Amino acid sequence: MNLVSKPTENQFNSRGQDVLPLTFKLFPQRSESVDNGNRTPPSNNTLQRNLSQPDIVNSIDTETLNFKPIPTSPFRLFGSTTSVSSNNSNTLKKLSTTDKVRRKRTPKIDDNIDGQKVKRRKSDMNMNQPKLPEPATPNLLLPSMDKKITPDTNKTISNYRDIGFSPASSAQSDSCSNSNHTSESSTLSIPNAKQTQTDITGTINSTTDELEAKNSQIQNLIRERDELRRQLTDVKKDYDKQQNILQKCLAVNKKLLVEKSTLERKQARQKCMENRLRLGQFVTQRQGATFVENWTDGTAFTDISKQQEMIQRAREELDRERRNLVRRRPNCEVKEKAPKTPNSKSRTKDRTGAFVLQDESSNDGMKTTNDANKALLISEWNESEEILRLRLASLKKEEMDLQIEYEKLERERNLHIRELKRIYNEDHSRFQDHPVLNDRYLLLSLIGKGGFSEVHKAFCLKEQRYVAVKVHQLNKEWKEEKKANYIKHALRECDILKTLDHPRIVRLYDVFEIDTDSFCTVLEYIEGNDIDFFLKQHKYIPEKEARSVVMQTVSALRYLNNGIKPPVIHFDLKPANILLGTGTSSGEIKITDFGLSKQMCEDTYDPEHGMDLTSQGAGTYWYLPPEVFVQGPNPPKISSKVDVWSLGCIFFQCLYGRKPYGHNQSQAAILENQTILKAKEVEFPPKPIISDGAKAFIRRCLTYNVRDRPDVNQLSDDDYLRSYPKRAATNAQARTAQLLMNDGSN
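Residue numbers (UniProt numbering): 1 to 746.
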């Protein structure tokens, strides 16, 4: 390894003074002609090695490295006036002469000025771009800072051959190829420096542009962030303001709803007090050692009863007068025999009670009457008969009006009794003071109460809609088994309702717990009454409207069997569980109360035989099929055909106003007398008149054998439910044709 590396053209000038490469590369416009006449061109290996070295010029800072110019340059061994060994003095004199000639062409470089420019340039670069790591300084370009390089005067010419040149060869090359050497060195080093400077400048410019772009982007993002923060603050203020307004609105709505409910309660109680005297009331009476409540009719029923008694007495009086008038008809004369004395006259009395004179001396021996008197008697009889007939018709009309009035009062009495019970249950309810359940449901009034639950009309403060809140309450005196059974049915109803979404089925909105002994289910609120109450008020439903109810019910049953998995059997389908809409939803129905419903799971349901009925004895007996009442070692099998039987019973009751089986019987009597098990055929009353298609449809629904009875899917395809408009049009055309034929014959 050589002690002194071969200097490059960019490192030293002709005087041997150190010139920073950074100055040359950062200021390429200052072209400096460096005298390289006294140096031997670098070898190819050395040139390649120098070109392969990384460009570290821009990472070197003279002040940072405390770089000091080397006092003695290796070039002074060959071209300076420094004293060297005597063996090489002559050669060095020649070299110094050539050096002086070239010194005139070399511009003097002010190191201080260049250093200041480099420092300013470097400081600008440091401000615009991050500081790059400083690579290690190669030994080929810079000597070690710890050691001073001093000329070795003891070396001979042979020692310089190791580094590629000698004083003799240098002098010879100076005289022979000075110009060639200079041009070749400039050609090899200056383009490399320019390319390096171009790369550095491009990198610096690109980095500066990127930094400026990033800084601009950062500033934009900061401005956007500040703007978004300001907007967020404004939105929060608006949100808080709207929340305050909303809370105030909710408070006002709540107050208005409570006031309205309180006023309605007051009016309902006042109306009930008025109706107590007019329609009747419950009166507590003592029977033995206990007190019972008996119903006592009001003044309206008393007045109607008195009027009916008066009409009855008037009818009886008219019947007596009519019988007397019939006995006094003119063509029914009564003959009376008199003693046979000459010129004697006797009086005879005809059937009408009028006495006529008879001459006994007449030849025929019969009573003789005056023709004029006889005609007068006939006219009087006709007048009396017409008067009696009119009086009887008037009494019949009055009796019919009283009957209509009595039926109307009965409907009002039913409503009155129902309202009395509702008010009594509402006054004794634990939720009578308009509580808010689950922070959103404001209870307004009690709709009805069952054996284990009560239903309240409520208002959802969040959704702003009326709902029906069903409160399930467990009796603390119940046994644990009964509590578990009730909870099981209630939870099963909730689980089933959660999966249902059909326009003919009441929707479930929410389920929540009140305390350890009660919980709530929030259901869709329906304004109208159920079919059972409607039938009590109107006795029956016309066939057209009843058929619409059946069609909607069949649609809901088809959804329960095909629309969800697993399918569901309602099992408690009856008029009380079919709600009627009012207002815009008039004519629409909603099925409710899935407390006894059964899910036909794959592991418990057999498509051929059905599933086991585990809760035998539950349900409403008037609407259950015969297979439910079968007693045996194994539980009975049920399927969707149970709901088909129930639908047939409902349709029959809607048309005729009475149940097909067990009418006016209690459930205990039905079970004891086995009424449903004996119901093998259905009998239709003569009135009202129902179409044959409706009767055939009811017979199919009430088929005794469960295997012959259609299921829900078969029932939905029944001709009676599909072809009613065509049949009605056909019947109308037939009636029109019959009328035309009758007119033509006349």
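A portion of the hints provided could be inaccurate.
Claimed, not checked - Restricting the straight-line Cα-Cα distance to at most 25 angstroms, the calculated cross-link-like pairs of lysine to any residue (SDA-like) are:
1) Lys237 - Leu221
2) Lys687 - Arg699
3) Lys457 - Leu437
4) Lys687 - Pro636
5) Lys678 - Met611
6) Lys396 - Leu377
To be verified - Derived CB-CB ranges, DEER-like:
7) Thr582 - Ser384: 28 to 36 angstroms
8) Asn438 - Gly563: 41 to 49 angstroms
9) Glu410 - Leu677: 52 to 60 angstroms
10) Lys488 - Val235: 47 to 55 angstroms
For the record, the hints were derived by calculation from the structure and aren't laboratory data. Computed from a prediction, not measured in an experiment: that's the story for all the values here. By construction, the Cβ of each residue, glycine as well, lies at the ideal position given by its N, Cα and C atoms.
Comparing the hints with the structure gives:
no.	hint	verdict
1	Lys237 - Leu221	holds, 24 angstroms
2	Lys687 - Arg699	holds, 17 angstroms
3	Lys457 - Leu437	holds, 12 angstroms
4	Lys687 - Pro636	violated, 36 angstroms
5	Lys678 - Met611	holds, 24 angstroms
6	Lys396 - Leu377	violated, 29 angstroms
7	Thr582 - Ser384: 28 to 36 angstroms	violated, 55 angstroms
8	Asn438 - Gly563: 41 to 49 angstroms	violated, 30 angstroms
9	Glu410 - Leu677: 52 to 60 angstroms	violated, 34 angstroms
10	Lys488 - Val235: 47 to 55 angstroms	holds, 49 angstroms
Going through the hint list in order, the structure does not satisfy hints 4, 6, 7, 8 and 9.
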